[in-house]
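Engineer: Residue-level listing of the chains:
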Amino acid sequence: MTVTLPPYDDVVARYEPVIGLETHVELGTRTKMFCGCPIDFGGQPNTRICPVCLGLPGSLPVANKAAIEATIRIGLALNCTIATWSRFARKNYFYPDMPKNYQISQYDEPLCVDGWLDVEVEGEIVRVGIERVHLEEDTGKTLHVGGATGRIHGATESLVDYNRAGIPLVEIVTKPVPGTGALAPIVARAYVTELRDVIRSLGVSDVRMEQGSLRCDVNTSLSLPGAEWGTRTETKNVNSLRSVERAVRSEILRQAPILDAGGKIKQETRHFHEDTGETTAGRSKETATDYRYFPEPDLVPLAPDPAWVATLKESLPELPRVHRKRLQTDWGLSDLDMQSVVNAGAVELIEETVAAGASPEGARKWWLGELARRANEAGVELVEVGATPAHVAELQGLVDGGKLNDKLARTVLEGVIAGEGTPTEIMTARGLEVVSDTGALTAAVDDAIAANPDVAAKIREGKVAAAGVLVGAVMKATRGQADAKTVRELIIARLS
Amino acid sequence: MSDLTRMSAAQLAAAIASGEASATEVTNAHLERIAAVDDRVHAFLHVDAEGARAAALDVDERRSAGEPLGPLAGVPVGVKDIVVTRGVPTTAGSKILEGWRPPYDATIVERMRAAGLVMLGKTNLDEFAMGSSTEYSAYGPTYNPWDLGRIPGGSGGGSAAALAAYEAPLTVGTDTGGSIRQPGAVTGTVGAKPTYGGTSRYGLVAFSSSLDTPGPCARTVEDAALLHAVLAGHDPRDSTSIPQPVPDVVGAARQGATGDLTGVRLGLVREFGGEGAEAGVTAAFRDGLDALTKLGAEVVEVSCPNFQYALPAYYLIAPSECSSNLARFDGVRYGLRVGDDGNRALEEVMSLTREAGFGPEVKRRVIIGTYALSSGYYDAYYGQAQKVRTLITRDFTAAFERVDVLVSPTTPFVAFPLGSRTSDPYQMYLADLYTIPVNLYGGPAISVPCGLSEGLPVGFQIMAPTLADDRMYRVAAALESAVGTLTPGELS
Numbered sequence: 015m016t017v018t019l020p021p022y023d024d025v026v027a028r029y030e031p032v033i034g035l036e037t038h039v040e041l042g043t044r045t046k047m048f049c050g051c052p053i054d055f056g057g058q059p060n061t062r063i064c065p066v067c068l069g070l071p072g073s074l075p076v077a078n079k080a081a082i083e084a085t086i087r088i089g090l091a092l093n094c095t096i097a098t099w100s101r102f103a104r105k106n107y108f109y110p111d112m113p114k115n116y117q118i119s120q121y122d123e124p125l126c127v128d129g130w131l132d133v134e135v136e137g138e139i140v141r142v143g144i145e146r147v148h149l150e151e152d153t154g155k156t157l158h159v160g161g162a163t164g165r166i167h168g169a170t171e172s173l174v175d176y177n178r179a180g181i182p183l184v185e186i187v188t189k190p191v192p193g194t195g196a197l198a199p200i201v202a203r204a205y206v207t208e209l210r211d212v213i214r215s216l217g218v219s220d221v222r223m224e225q226g227s228l229r230c231d232v233n234t235s236l237s238l239p240g241a242e243w244g245t246r247t248e249t250k251n252v253n254s255l256r257s258v259e260r261a262v263r264s265e266i267l268r269q270a271p272i273l274d275a276g277g278k279i280k281q282e283t284r285h286f287h288e289d290t291g292e293t294t295a296g297r298s299k300e301t302a303t304d305y306r307y308f309p310e311p312d313l314v315p316l317a318p319d320p321a322w323v324a325t326l327k328e329s330l331p332e333l334p335r336v337h338r339k340r341l342q343t344d345w346g347l348s349d350l351d352m353q354s355v356v357n358a359g360a361v362e363l364i365e366e367t368v369a370a371g372a373s374p375e376g377a378r379k380w381w382l383g384e385l386a387r388r389a390n391e392a393g394v395e396l397v398e399v400g401a402t403p404a405h406v407a408e409l410q411g412l413v414d415g416g417k418l419n420d421k422l423a424r425t426v427l428e429g430v431i432a433g434e435g436t437p438t439e440i441m442t443a444r445g446l447e448v449v450s451d452t453g454a455l456t457a458a459v460d461d462a463i464a465a466n467p468d469v470a471a472k473i474r475e476g477k478v479a480a481a482g483v484l485v486g487a488v489m490k491a492t493r494g495q496a497d498a499k500t501v502r503e504l505i506i507a508r509l510s
Numbered sequence: 032m033s034d035l036t037r038m039s040a041a042q043l044a045a046a047i048a049s050g051e052a053s054a055t056e057v058t059n060a061h062l063e064r065i066a067a068v069d070d071r072v073h074a075f076l077h078v079d080a081e082g083a084r085a086a087a088l089d090v091d092e093r094r095s096a097g098e099p100l101g102p103l104a105g106v107p108v109g110v111k112d113i114v115v116t117r118g119v120p121t122t123a124g125s126k127i128l129e130g131w132r133p134p135y136d137a138t139i140v141e142r143m144r145a146a147g148l149v150m151l152g153k154t155n156l157d158e159f160a161m162g163s164s165t166e167y168s169a170y171g172p173t174y175n176p177w178d179l180g181r182i183p184g185g186s187g188g189g190s191a192a193a194l195a196a197y198e199a200p201l202t203v204g205t206d207t208g209g210s211i212r213q214p215g216a217v218t219g220t221v222g223a224k225p226t227y228g229g230t231s232r233y234g235l236v237a238f239s240s241s242l243d244t245p246g247p248c249a250r251t252v253e254d255a256a257l258l259h260a261v262l263a264g265h266d267p268r269d270s271t272s273i274p275q276p277v278p279d280v281v282g283a284a285r286q287g288a289t290g291d292l293t294g295v296r297l298g299l300v301r302e303f304g305g306e307g308a309e310a311g312v313t314a315a316f317r318d319g320l321d322a323l324t325k326l327g328a329e330v331v332e333v334s335c336p337n338f339q340y341a342l343p344a345y346y347l348i349a350p351s352e353c354s355s356n357l358a359r360f361d362g363v364r365y366g367l368r369v370g371d372d373g374n375r376a377l378e379e380v381m382s383l384t385r386e387a388g389f390g391p392e393v394k395r396r397v398i399i400g401t402y403a404l405s406s407g408y409y410d411a412y413y414g415q416a417q418k419v420r421t422l423i424t425r426d427f428t429a430a431f432e433r434v435d436v437l438v439s440p441t442t443p444f445v446a447f448p449l450g451s452r453t454s455d456p457y458q459m460y461l462a463d464l465y466t467i468p469v470n471l472y473g474g475p476a477i478s479v480p481c482g483l484s485e486g487l488p489v490g491f492q493i494m495a496p497t498l499a500d501d502r503m504y505r506v507a508a509a510l511e512s513a514v515g516t517l518t519p520g521e522l523s
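Those protein sequences? They're chains H and S, same order as listed. For any residue, its number in the numbering used here is found by taking its place in the first sequence, counting from 1, and adding 14. For any residue, its number in the numbering used here is found by taking its place in the second sequence, counting from 1, and adding 31.
Hints are supplied without guarantee of correctness; some may be wrong.
Stated by the list, open to error - Label-pair ranges, simulated between beta-carbon atoms:
id: 1; chain 1: H; residue 1: 60; chain 2: S; residue 2: 265; range: 46 to 56 Å
id: 2; chain 1: H; residue 1: 141; chain 2: S; residue 2: 334; range: 51 to 61 Å
id: 3; chain 1: H; residue 1: 280; chain 2: S; residue 2: 376; range: 43 to 53 Å
id: 4; chain 1: S; residue 1: 50; chain 2: H; residue 2: 58; range: 34 to 44 Å
To be verified - Non-contacting residues of chain S with respect to chain H, defined by C-beta distances greater than 12 Å in every case (computed):
id: 5; residue: 48
id: 6; residue: 96
id: 7; residue: 128
id: 8; residue: 243
id: 9; residue: 358
id: 10; residue: 364
id: 11; residue: 382
id: 12; residue: 395
id: 13; residue: 403
id: 14; residue: 450
id: 15; residue: 499
id: 16; residue: 514
id: 17; residue: 517
Since the hints were derived computationally from the structure, they do not count as laboratory data. This one's a predicted model, so the numbers in the text were calculated from it and none came from an experiment. Built from N, CA and C at the ideal position, the CB exists for glycine as well.
All chains, please: the whole structure from these sequences, using the hints.
Structural biologist: Now the structure itself:
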């Protein structure tokens, strides 16, 4: 059955979207949440485990103070109230990636509540309310083998890696965000981007969505203007900033025709598919597990000392929005130009490129131009495009030093993205350096004059504009490696 | 019978220290005793003869080398099989953990090893420490050395019976609602529950986390205090462990043994005085009270009105916590796995494993606890029980403003015949009527023999304020000095 979707603009003109986001951030503490096992990405399965994170009988958790501190700092950066009394709670459900068949989390007594995060969208500030920030332990990872779907049902074997089990995980839940209209998908993306930048500026996590250290669930509902909010769905498996935007958009487009036809939205978990940009139904929330939350008796309650919290608040770093204002001044950009840098997710990339020696103009040109184009083509985030700020700074240095022209530089960049090495290495290996040796050029110019007597004659008559044809011929003969300006000067000198 | 098995831990330690007996001789004497009688008593689930001999030899060598030895070095100890022991099978009395050899030691086991105690093996218990008779052990019951037709109490019946049968001079138990004290009472031995958080829970297979407390079992108060001193102390691996120095329990026991209790106020809980206790138990308890009065103690009646709700509150809190604690036994990572034939779904394998691996009492409590924590029922059950717990704590605090310790019979009845209470869970739960309140409060309590009823031992319970463990040892030792220890007849 083919369903024709109404155009997006039409949908958001008739329905009011309400979004909400639940974001999980893996903290970059040295050790896990409740034991001394080290935290690192990758590694052989089941090598960073101990009786505690394996939940062996008799083992007990002890809370990681650094993780509590990091959570409170996140809460403070998000303008939350920090609890003076907080407890961990057990969330009970059976799943093989959970060693104890319960997760130590927080329930009705989280560490941080009631804050906000200001997000800039198209020059306007949208204030996203923060419901709560709480701390919990991550689960292990399962790999289901032999099934068609890669999920547990139908699999013949399930492999479990507990390296991730017990890594501290901070959950940040927004309040529902109404009133963003057609911008809802962009607001969702801008919120996650801003949140990521805030957390990165705190230095508590590397917040990399592609590695799963930042994970996002997106809630979406539609309602008629003025009516009660609609039933929401929770979309999981949203693994990039781009996907956040796409997931909201696709849910809006999916829900509208159902409502148009007088149908009801089912409260359920949906899975986002990166390839199609659509969501499919997951677990129904109507038959959801009763998690039987109760206070974790193995851990004493937390009572953060207000004086300590005040110290943490004072020591918060410059937050991204303030930082960006400063960069904008340093780089001499208009609001609009800065906005395009932010939208492209290029602030830090440009900042690092400048720090590596490039001019702000040069850095911005590469990241927003050629590299943005390539990232877009490949459907990846700019940061994943394959070139680093150091590469870009080096490349711009070669252009500034006259060793590459723009065209050659783009060819070199292609090599960088293909992983062939540093710009200098690629330039040397591929022999792409600008030919500035006038002896070699003179010979090429002479060949071009000899091959085009008509054009040469015109130039001799003073029709200098015709030189372009000869320049083109020389460039072709030197495979683009000559400096066009020098070539032109040589031609005119020869023929005058 | 070897004389060595009849000696107290203090006497054995002294004999080893002076060279009168080697740790190896002491260990061998107890291993021989176990071999001779345990087929009738069934106190042990696993005897680690090889490990015990190696540990004893190590003590003997260290002594020969002139190294300083702790006050219990070379003394054998039996450990309740719910305490995790590295490389030594740990079953918690359940089929679901059959064959599991833990990769680590509980903190209290580490402490005992460091002190030179020699672990003989693992003692029997009701499955996951749930029960009052050891009849719920998946490996068969333990028999009371006073009368092999009767229960040795529970859940730590193995630890208590091993003492009464002279298979070990010391054992370790765990007390969640009376599992050290009630077996102590019905076997004529001494059992102490330290202050909650005074002894580490790290390495105790969890039953009810907010109540579980490991503690010493012995034939004399002094021995219990000596083992208590080894077990207790702050453990950074248990966040509920109290970061405070351990009270001088050994000194207090020795002071009490001098028989002077002048000025000590004993609180008699009015609410315990009603129905419930057998006449013979009440009589023996009264005799104990008279003995303490003669030593100078003063008896004051106190009211603890909320104690009447202790049993129902306990039977909501403990099952709730256990329903969560026991969720990890699913056949995925260790222990029993049933039905994994390549065709069954994971959930089915988990269900079949738990169906086959858990016994009736464990299932009963897991189901009760799951219900009590369910959305919509939480406030009425678990939440309400926690409120009752707070009220009971207030009763204790108020009582301890008027008296130094509270006293009661340990259990309402003497050892009952095997099989006589298994068909009615409530009749079984009543065994813990007097022991449960102090668990909900968290303070220390000890059971010490005070006499016989119908030829069977009766226990006298002394409860003290949290962290005043020394106080209960003083009173217990004084009582022991007055009434003496109890000795069962030779095993039939």
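Engineer: Are the hints correct? Go through all of them and say.
Structural biologist: Structure-based check of all given hints:
In this structure the hint that residue 60/H and residue 265/S lie 46 to 56 Å apart at CB is violated, the actual value being about 32 Å. Taking the beta carbon of each, residue 141/H and residue 334/S are about 57 Å apart, inside 51 to 61 Å as hinted. Separated by about 24 Å at the C-beta atoms, residue 280/H and residue 376/S break the suggested range of 43 to 53 Å. Checking the proposed 34 to 44 Å range against residue 50/S and residue 58/H shows it is violated: the Cβ atoms sit about 52 Å from each other.
With a closest Cβ-Cβ approach of about 32 Å to chain H, residue 48/S is found to remain outside the 12 Å limit, as its non-interface label requires. Look at residue 96/S: its CB is around 33 Å from the nearest CB on chain H, clear of 12 Å, so calling it non-interface holds up. A beta-carbon of chain H is positioned within 12 Å of the beta-carbon of residue 128/S; the least distance is around 7 Å. A Cβ of chain H approaches the Cβ of residue 243/S within 12 Å, the least distance being about 9 Å, so the stated non-interface status is violated.
Not every CB of chain H lies more than 12 Å from the CB of residue 358/S, the least distance being 4 Å, so the non-interface label is violated. A beta-carbon of chain H comes within 12 Å of the beta-carbon of residue 364/S; the shortest separation is about 7 Å. A beta-carbon of chain H comes within 12 Å of the beta-carbon of residue 382/S; the shortest separation is about 10 Å. Residue placement check: residue 395/S keeps its beta carbon more than 12 Å from all beta carbons of chain H (closest about 17 Å).
The claim that residue 403/S lies off the interface is violated: its Cβ sits roughly 9 Å from the closest Cβ of chain H, which falls inside the 12 Å cut-off. The claim that residue 450/S is not at the interface with chain H holds, since no C-beta of that chain comes within 12 Å of its own (minimum 30 Å). Against chain H, the non-interface label of residue 499/S holds: every CB pair exceeds 12 Å, the least being about 21 Å. Annotated as non-interface, residue 514/S keeps its C-beta farther than 12 Å from every C-beta of chain H; the closest such distance is 37 Å.
Distance to chain H confirms residue 517/S as a non-interface residue, since its nearest Cβ pair spans about 33 Å, more than 12 Å.
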